[in-house]
Every structure is written in C-alpha cells, then in structure tokens.
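Visitor: Next come the chains, spelled out residue by residue.
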Amino acid sequence: MATHKSVETKYLEERRQFFRGLRNLDRRSFLKVSAAALGATAGWATPHSFTPVTVAQGAEGATSQPAFRFAYISDSHLYERDVNDRFVRGLLRAVDDVNNLDPQPDFVFYGGDLAQLGQAKELELGAQILKNLKAPLKIMVGEHDWYLDMGQKWQELFGPPTYSFDHKGVHFVVLMSVLERDFWTARRMTAMERMQTVAGLDNGWQNPFMVGPRQRQWLADDLAKLPDDARIIVFSHSPLYKLYKPWNFWTDDAEEVQAILKRFKQVVVIHGHTHQLLTNRIGNIHFHGMLATAWPWPYAPEGTPELTIQMSRPDPFNPSDGCGDGEVHVHPDGLVDKVYSLWNRNPITVTRTYMASWGKQDVPPKPNRPAY
Amino acid sequence: MRTMRIPRRIGGVVVGTIGVLLALLVLGGVPKAGPPAGLAPAAAESPPVVAVAAAAPAPARSPSKNDQPTVQIGACDGGAPVEVSKDLKGKALADSLMDQWKRSHPEANWVTEEKEKHALKPPADNSGLLKGAQGKSHTYGNYTERDILLWARETEKFVAEGSRIFHSADLLGSEVAVSCDMCHPHAANTHPETYPKYQVQLGRVALLRDMINWCIENPVRGEKLAADSPTMRALEAYILSQRKGVPMEYGKH
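Protein chains in written order, with the numbering used here: chain A, 1 to 372; chain B, 1001 to 1253.
Since the hints were derived computationally from the structure, they do not count as laboratory data.
Please note that a few of the clues may not be correct.
Said to hold, decoys possible - In the PhoX-like style, the derived pairs of lysine-lysine whose C-alpha atoms are separated by at most 20 Å in a straight line are: (1) Lys245/A x Lys1121/B; (2) Lys245/A x Lys1115/B; (3) Lys245/A x Lys1117/B.
Note that this is a predicted model, so its numbers are computed, not measured.
Given these sequences and hints, build the entire structure.
Guide: Printed below as a string of structure tokens:
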C-alpha cells in the first residue's frame, strides 16, 4: 500500500489532530497553544503546521488514555428520498463525519429511529446509506422503525433487536426498550394509524415505553455470568430512567432494569430518542443521550436531570443546528467520555471525571441560550 | 370561526346519531327504546319511519360473502346503507350499527379526541362570573351556566382545530411531510409570549405569525398563510393556549 501522503492530506490530518486536542483544552494548555499560535504568526514555527503543540489534558483523572473508541449516529427519521431529502442529507453527513475519523473508530453504533414511519423503503434506504460506513455497524431499533409492521422489516434487515457482544473487555448490551402495551386494537387502528400515533412524540394515545418482563429476564441471564466489577455498556433507545412521561422520555419499568444493573460497580447507559445533550447519573449507572441527525427536540418542561448541561437553543434558521453525531471514548475503567459532535458548533465532551465527581470536575460549557 | 369546517362536523354527529337511532326503531331491535331526552322529540313522534323507509324502501336481504343472511338498513342522513347480520338482535344489533356508524364517521368526536390525544390545556374557568348579585340587574353581565359552557366549548374547539393543523403535515400543506410538532411537541419552544421581538435572523421585529409563516415556508415547505386565514388564526390559538400561565414578556431573547 502506498504510504505517500500529499501536502493536503498531511495538512488535514494535522488540523484534525489539533482540533481533537482542543476539545479537552484547559487554561494552561490554552496559553501554550496561544503562544505557539503567536509564534506561528511571527514566523517562529512552520507557518502551515498545527503540530508543534501537543495539547495537554486537564485534571489528573482525565489523563487516562481511552482503551478504545466508537462512533455513534442516531435518530435519522428517514422518509423516502423523494418525500423529504433533508433527513436523508442529515444521515449522509453523519456517515461522512464518521468515515472521516482518523484513526477509524472500532465500530459505529446506530441508536434507532432510522425510519420515520417504519416503511420498508425508508428502512432499506437507511440500510443502504449505513453500508457506506467504513467501520463495522452495530444497530439498535427505535419506535419509528417498529410500529408499522411490528419490527418485521427491521429484523429482516438487521437481525434480532436484543443482543449482546463483547469488545476489548467491555460487555455491550443492546435492548429494545420501546415496547408499548396494545393501544391500537381497542381503537381499531390500521397499521399506519398505529405507526403515526407512536411517531407523534406528544401523542397521548400511546402507552409508555418499556423493556418488558421477557427482555428483563434475558438481561438478567445475559449478565449472570459477569463479575460485579465487569465493564458494561447498555444501549437503549429510550432513556432507561423516568424523565418526562408525556413525551416518552421514559421507560416504564426503568427501576426493574436498574435493579438488574445494581450489583455492578458501574454501568454506562447510552440512549437515543431525546435528540439532545442529556446527562444523568443514578447511583452506579451513568446515562448519556445521543444527538439526532434529523432535528433536535426541545428540553422537556420538567424532569431534566441535574447533571445535564443543556445545549443552547438551536437556531431555527439553520436546519442542521442542534443536530450531529459523536464519539464515545471508553476508558480502561469502563467509564466513558461522551463526545457530542454538534454540527455548526464546538463539540461538547461530557467526561467520565465529570460523571464520577457528580458534576464537580470538568464541567462542560454552560449554554448562553437556555430553553424558554 | 364560521369559515372553519367545524359546524358541519358537529351537525354530522347529530344527524348521524339520529340516523342510527331511527334505524334501530325501524328494526325494532331495541324494544321500548325511545330517543334519549334532548334528541329532537318532534322527529321521534311519527315521521321517522317514513324517513328511513324513504332512504331504504324495504330492508332488503342480500347474500353476504359468508352466505349469512344479512339485512340492509338505510340511514336517514343520506349515507350509504348499512349491512348487518339478520340474526343480530337487541344490544348486539345496536352495537353493530353504532360500530359501523363510528367507522364511517371517524371524526365524530374530534374535539374530545384532540383534547385527549394532545393534552390541550383548558381555557380559563369563568364560573366565578355566576356569583355576585349585581349581574342580575344588568343586561351585560347577566350570564348563565350555558353562556360559560358555550364560551369554553367554542374556544376549545378553535384551539383543537389549531392543534389538528399543528400536528398534520397534510393540513399544513407540507411538501416534505413535516409538521410543526416534529420540532415543537406540545408547542414547546414556540414561546409566543416573547413576541413581538427583534428577530435577529430576519433583521426586523417579528410577530408570532411571522415566525409561523417562516416555519411553514422553510422547514415545512408549504405555502405562506394570509395573516387572517382560518389556518393561521387556529395555529395562533393553539400555540398561545399551550403557554397558559406563562407571563407575557415581549422582546425576550
């Protein structure tokens, strides 16, 4: 394989490395960078280069190098391309983002709601676009993928919605957390009416999400063989806690699921559905949300956890503001730095030290435009 | 209000209900069941039989797919005749008829359903106006319970119509299947209380309706609404109603 790199490639690599370093910049290293930048403008260093500065990490605890990292994309809500191209472009952009990561992540996790109305053509389009990812794909189902044909097409394309796998000493669990009790038979709904009811975030005719007894049993069995200090990351489409019921920012049997996870030293849960920067910790369980590629949701009028540093209100005049994708840096202790790569904004990292210190250290930047 | 489709729908409910009840009378399926109090007693006295008979001259037998004998029943609202199994009697027959009628009139209870589905906030409680002796001697202010109820129902209906449009890409005329609730569940983050304000991106002072139109033209990709169009009025009504209790704070960013 040719190892020659063009000037442009080298420049872009350096630039990328530089900006990755900037994400965790503290004040002292900022001064170092500024001095170097000053040097650069004064002609002391090679003018094209970003490399003279290796950005030092902040607090002591944060210096641990991640054992590995994976990328995430979530909530693309695809219609067919000729119905709505904006959401399609959103997913394409995210796939480009992830493909441009260098080095490549170990895998890419897709967080659910690939389709808007669970239609075969929407899901197929999504599957087609996700095939362009260079890194291997792991995928979770969302309610928008499920309630037209009760998951038939999605499972045909992607396999069972509940599974687990091990990667570099971390046990990953993927749940189908958007089960709803039957509300459609009594109302004599067609499959599409059922789908559209679930697709309406504020539609009160649907029931709260849940993991359900069968999957909880599966989860308990799946985790039974693991020691208490095992490193575990759980994926669920809905947050595995109770935030705001009217929008199903909610899992009805969250306490039961948390009880299964309770014996472990620490567990990380990563969820979709909320389309926003969302952080919570309940005892040993650290919860992180994922950004959407389709649109950002407003923060719920109540129930937003204390640890959450909200993202500033999105600019309605910029259709991709508040959307994005991101990365998860998994540290040797099993805790994660959660990177929200917001399009059009500086990325925001919620570090494991922020979570471990209950929000005392490494506080992410506060919003200047809070929710109304 | 009158220009909206609401009055006709409400009319349809009454006519439709009468139709089914009359059909029941003809069949004798509900013994002793007169029309419930309040349902046009005059109509129930004599002509209904004639009216129904006119719509469906004689209950005609027609073989169904299952070869079960059925009976066709005409509806006096001019709607398509209803077919039921001949063996159905009493409550089962009434249920079957009501069921079919409901299926062919899915919007019969649309205001109640919209209120329930999207958790519409109720208008202010005005029952306090019924107290106080001074009103009795005064034409303006001499309200009855009926007045209070009428105001509430009409206002709710207006708001419900707005909610329906807000939640429907079709009613908004979207070319990209996008509706308002996709970014604004329960009208969240619409902050009508902050208008008028200087809208930085537009470079001028905007009213709520300017922002509604901006959204309709851009993310929704529909056609701009006239400021006094029934759709715009209904959308404003819904958005404002959902911010009940939030202090007005014009100019807030």
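Visitor: For each hint, tell me whether it holds in the structure or not.
Guide: The hints, checked one at a time:
no., hint, result
1, Lys245/A x Lys1121/B, "17 Å, holds"
2, Lys245/A x Lys1115/B, "17 Å, holds"
3, Lys245/A x Lys1117/B, "14 Å, holds"
The structure fails none of the hints (numbered hints given earlier).
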